[in-house]
Structure formats: structure tokens, C-alpha cells
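Line order of the protein sequences matches chains A and B.
Quick note: the first sequence uses numbering that gives the first Met the number 0, first residue 0, plus one each step.
Quick note: the second sequence uses numbering that gives the first Met the number 0, first residue 0, plus one each step.
In case anyone wonders, no lab produced these hints; they're calculated from the structure.
Be careful, since some hints might not be right.
Listing some non-contacts, in silico: residues in chain A with all C-beta distances to chain B over 10 Å [said to hold, decoys possible]:
| # | residue |
| --- | --- |
| 1 | 61 |
| 2 | 84 |
| 3 | 95 |
| 4 | 151 |
| 5 | 181 |
| 6 | 224 |
| 7 | 275 |
| 8 | 290 |
| 9 | 305 |
Facing chain B, from chain A, some residues (calculated, C-beta under 10 Å) [to be verified]:
| # | residue |
| --- | --- |
| 10 | 156 |
| 11 | 159 |
| 12 | 163 |
| 13 | 169 |
| 14 | 178 |
| 15 | 180 |
| 16 | 215 |
| 17 | 217 |
| 18 | 218 |
| 19 | 251 |
| 20 | 252 |
| 21 | 271 |
| 22 | 294 |
| 23 | 296 |
| 24 | 303 |
| 25 | 308 |
Using N, Cα and C, we set each Cβ at its ideal position, and we do this for glycine too.
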Amino acid sequence: MAARPPSTPADGAHLHPPAAPAAAGVAPLVRPRPWAEREWMTLLRRLVRRRTALFGLLVVLVVMLAAAAAPLVAPFDPLEQDIGQRLREPGWQDAQGRVHALGTDHLGRDILSRIIFGSRIALLVGLAAVVISGVLGMIIGLVAGYFGGRMDDFLMRLADVQLAFPFILLAIAVIGVLGPSLRNIIIVIGVSSWVVYARVVRGEVLSIREREYVHAAVALGSRHWRVLVTHVLPNTFTPWLVVATLDMARVIVIESALSFLGLGVQPPTPTWGGMLADGRVYLSTAWWLATFPGLAILITVLGINLFGDGLRDTLDPRLKV
Amino acid sequence: MKSYLRRRLWQSLLVLLGVSVVVFLILHLTGDPAALLLPPDATAEDIAKFRTAMGFDDPVAVQYVRFLKGAVRGDFGESLRHGEPAMGLVLERLPATFELAGAGLLIALGLAIPAGIVSAVRRNTSVDYVSTVVALLGQAMPTFWLGIMLILIFSVRLNWLPSSGRGGLEHLILPAITLGLFTTARITRLTRSGMLEVLGQDYIRTARAKGVGEPPVVWKHALKNASIPIVTIVGIELGTLLGGSVITETIFAWPGVGRLSVQAIFNRDYPVVQSAVFLLASTFVIVNFLVDIVYTYLDPRIRYR
């Protein structure tokens, strides 16, 4: 297309109100990139200065590292059974002097190693589901907010329908029909979690579509999809990111709830929820079976929430998520 | 106001229609509901015969209309396991679920609103910090783990409270706390931020300036204005509570709709699953419509929109 709208740096555009010279013939901004990068550094520094957000970030990094390097970090094979060493207390030392820091389960498997490997499923489902629902919600929010009218009405009613269902009940009903597998869990959680994203993105779009640079782009003859992708979408990214971060915590809890009910990733693959379900049976004799996987969920979710809260307060304090 | 409520009623009916479509589709996800409904050892012949008998050969639209006609009358077919009308089985369990969700909501409101107010009024004091930390932990704690830990401490170790079943008040305490904690945490944080916002408004300063005492300023001027988002979230949290009842009821063997649905899913008793999902979703829609009516009393501006 010949008519190009005035250039606005795509990333970090929301940080600078469109003060860029729009008049023809003015030289383009000198090196916009380092400028944008410095802004991000400032943001990061501000984020780190909030102690709770820093704590959250560290927790998230530790869990991610543990998941990535699970085979190196875990002291035992998470699937290795040893009936002679079953239901040993935390800190138990076996004959070769190896320590089971968090004890062993009903099949003699090392609980710490299973928790470390369990983080893989939690993060994998969390990330994949958030990407699916995030992209879906972004598209729906963009379309609903930008085009408005009947399209908006229809999509928002669809959101109401989605929200009417108790999430976990719908999820177990659908997974009960389709059968539990990693793929099905990701799809079911991903497809049914788009509403928050759509609402937040739609809200942003409603104000962005009235901005001058959008009007300018439309006046210059840009097509709708082009305006949406190059001018509107980048400016909805910040709130989207905050929602995605906080939603990941929710998805991890849902994944472990599904595993707890026996509708998650199937044994022998270690999952936090599955370990809890096993531990529940031995509650009166071996408290550590159910306690530690739950603590792993609690700490991970708390870390993500704190990081997400910090991200929101730094990037977009008005956002109500 | 009438036109506002009429529009909301119309929207709610549309949403219920959408809910019925989803509930109908659950059974058709795999493409062959007949195979899904029959036991795994059914022969191909049985399946074919059943398919014809149930009308699964008809076009999907025809099947949906038939389903909707039944759904309007509360007829979702017979339970495959119990041979009784599926909706009847679910309705039988509904009081237990309402009792649990109601108790959970009561605990949440009873704890969260005072905690949120005190947090906001005494901002940055130790009371505020304690309540904020508890709220953060409450939001991060998975329901099922909390329930198990409560059983471990109060049933297994201390032997104070029963760990399962429905009965007197002592049976209700642990499940209600388990179910209510997440909602408590949410409402605490919302009340705190809402109150902080309102307490900074000009009319609060005016009230103080004209000599209104601190208690009426907080409880009348501020709380009334901060209550709208709280009422909204109560409507939405009901969904959380009804959904959470699935997990909580399973842990505490509470004979409600949630536990029934989990058992029904494992028994492949889909008419019961459909009835339960439909009933809980409809409850949510109806309650949120009622919340909208409450709004018009709290905020007269809405009546004229």
C-alpha cells in the first residue's frame, strides 16, 4: 500500500503518547530503539524495587529453572519405586546414605524428585493454556471493541455464557467425555479461559480506537485489519500481559485440581494434584505425602500472583484485574 | 428502570439459551453419543439399535430442538445408573450444595468486609499487613489442599471435627471454611481497595469537615459507596463457590450436586452430568440477574441508563 500511516514504534508505543512528528518531511525519530529499551530497563528497575514483586519473580524463576533442569536437579528418579523404602519420613536416609529430604510416598518414590518433575506439567499446561486463551481472547477483544455494534453484543453475550458455567465442572464434564490427556487438558482450559482477556482488551480498544493516530491511519486508507494489527494491538499488549501473568496462576491451580480428581495427566507421570490425591489416602499415617505437593502449588501460585500484581502496579495501575 | 431490567432479562434468557447449547454439545463432542452412553462392552449392534431408538441419527439441529424442549421442562432423560429422571437426582442434592455455598459465602462476607474496612482505615499498620498477607495466601491456596490440611489438623490430629458427611453444624464448619477462603481473600482485597478509593473522595472530606464522627463516615458515607463493586463480586463469586463445591464436596464426602457430578462423570452417567451443569449454570445466571436488580437500589444512576 502506498499510503503509510505515520510511523509509530510498535514496541513500547504505549509508553510514549503519540507525540512523534506527524508532519511530512520531518526526519524520522533518531534511533528510537535504545530509547524504548531504556524505558523497559526503568520499568524493570521499578518492578525490582517492589520487594514483593521481586520475591514473586525469584520464585517464578526458581520454579522455571527446576522444571527445565529437572533431571539434573532431582536427587532421585521420580518413577523409581522401592517398596522397602515406602512411606519414609522427611529427612530419611537410606542404606547408601542417600537422603529423601521430603520423605517417600506409598510406593517408595522420592517426594522431592516427584515435586520437581511435577513442576514440568504445571508450567507446561500453564503456559500452553495461557497462550491459547490469550490469543483467542485478544482476537475476540480486538474485534468486539473495534467493530462494536452487533458483533460486540454477540461476543459479549458469548462471554456471559462462558462465565455462567462453574469452570471446573464444565472442564471435568468435557474431559470426562474426551478422555484425560495432556493435550485435552490444555485445549479445554485454553479454549474456555478467554473471557478475561477479551474483556480487558475490548475495554482498551474502546478508548484506543478514538485516538488521533487511529483516525489518521483510517483517513490515510489503511484497511481495518492493518489498523488493528499495527496500531491497536500493540497498545493493548501491556494489560494483556498482566492478565496473562495472573491467569497462569489460576490455570496451574485448575490443572492440579483436575489431576487431583483423576482427570489430569495420568500416572505414573508425577503431577502435584495427583500426588495430593495419593497422599490423601495416607493422611492419618503419613502427613508429608499430601502436605508438600500442596506447598509447591501454594508457593508457585503465590509467586506468580505477587509478580503479576507488581507488573500491574508498575505498568498499568488503573487496571482492575 | 423498567427498560433496563427488561433488557437485562432478555440478555439473561439469551445466555440461558447459550448455556443449553453448550450442555447439549457436551454429549456430542466425540461425534457418537450412543457409544458414549452405552457401557464399553456394548456390541456394535447394540450401539446401532440404541442410536436409532434415541434419535441420534437425526440432524443435529433436530436433536437440539428436541433436547431444548426437554430441558425447558427439566427433562434431561433418565440416569443410566439409577434409572430415575436425571434432573430429579440433581434436585435432590441441590439443598446440600446451597447449604454449603451459602455457609461459605457467609463466612467470606463476615470475615472479608470487616477485614477489608479495617485494613483500609488503618492503612499500613500491622493489622493491614496481617490481613493483606492472609488474603494473599488465601488466594494462592488450592481449595483441595486447604481441605486436606484442615482434615489433617482438626480431624486426624485434634479429633475435634468430623472429616466427612453432612449433619449438624460440626459437619459444616470445615467444608464451609475450605470453600469460603478463596472468596474471603478476594472480597477482602476488593473491599480494602474500594474503601481506600472512596475515603479519598471530596464528600468524605466534607462529611468530616462538617463534624460527622469517624464511625458514621466509615460505615455510612464510605461503605455504602464502596458496596457496588462488592455486590458485583458476590454475584460472580457465587460461580466460584458453586464450582468450588465440586472439589470441596469430593474431599468432605458432602452429598451435594458437585460430588454427584464427579461420580456421574466416572460412571459415564451423562444425563446426570448435563442436568447438574445446566442447573448450576442457570442458578448463576438467575442470581446475577437478581444482583442487577439490587444494583438499581444501590446506585440510582443505573436506573436511568
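query = Given residue 296(A) was flagged as interface, is its beta-carbon under 10 Å from a beta-carbon of chain B?
reply = 5 Å, holds
task = Report holds or violated for the interface hint on residue 308(A), using the least CB-CB distance to chain B and a cut-off of 10 Å.
result = 9 Å, holds
query = Given residue 159(A) was flagged as interface, is its beta-carbon under 10 Å from a beta-carbon of chain B?
reply = Where the cut-off is 10 Å and the nearest Cβ of chain B is about 5 Å from residue 159(A), the hint holds.
message = Quick check on residue 215(A) please, does its C-beta sit within 10 Å of some C-beta on chain B?
response = 32 Å, violated
key: Given hint residue 303(A) near chain B, where the shortest CB pair must fall under 10 Å   = 8 Å, holds
request  = Take a quick look at residue 84(A) and tell me if its Cβ sits farther than 10 Å from every Cβ on chain B, holds or violated.
outcome  = 23 Å, holds
task = Classify the hint on residue 218(A) as holds or violated, based on whether any CB of chain B lies nearer than 10 Å to its CB.
result = 32 Å, violated
ask   = Per the CB criterion, is residue 163(A) less than 10 Å away from chain B?
value = Since chain B brings a Cβ to about 4 Å from residue 163(A), closer than 10 Å, the hint holds.
ask   = Once the closest CB in chain B is found, is it more than 10 Å from residue 275(A)?
value = Label violated. Min Cβ-Cβ 6 Å, cutoff 10 Å.
query = Does residue 169(A) pass the interface hint, meaning its C-beta sits closer than 10 Å to a C-beta of chain B?
reply = 6 Å, holds
Distal placement of residue 61(A) relative to chain B, Cβ over 10 Å = 16 Å, holds
key: Hint check: 10 Å Cβ-Cβ cutoff, residue 180(A) to chain B   = 13 Å, violated
Taken one by one, the earlier hints fail for this structure at numbers 7, 8, 9, 15, 16, 17, 18, listed in ascending order.
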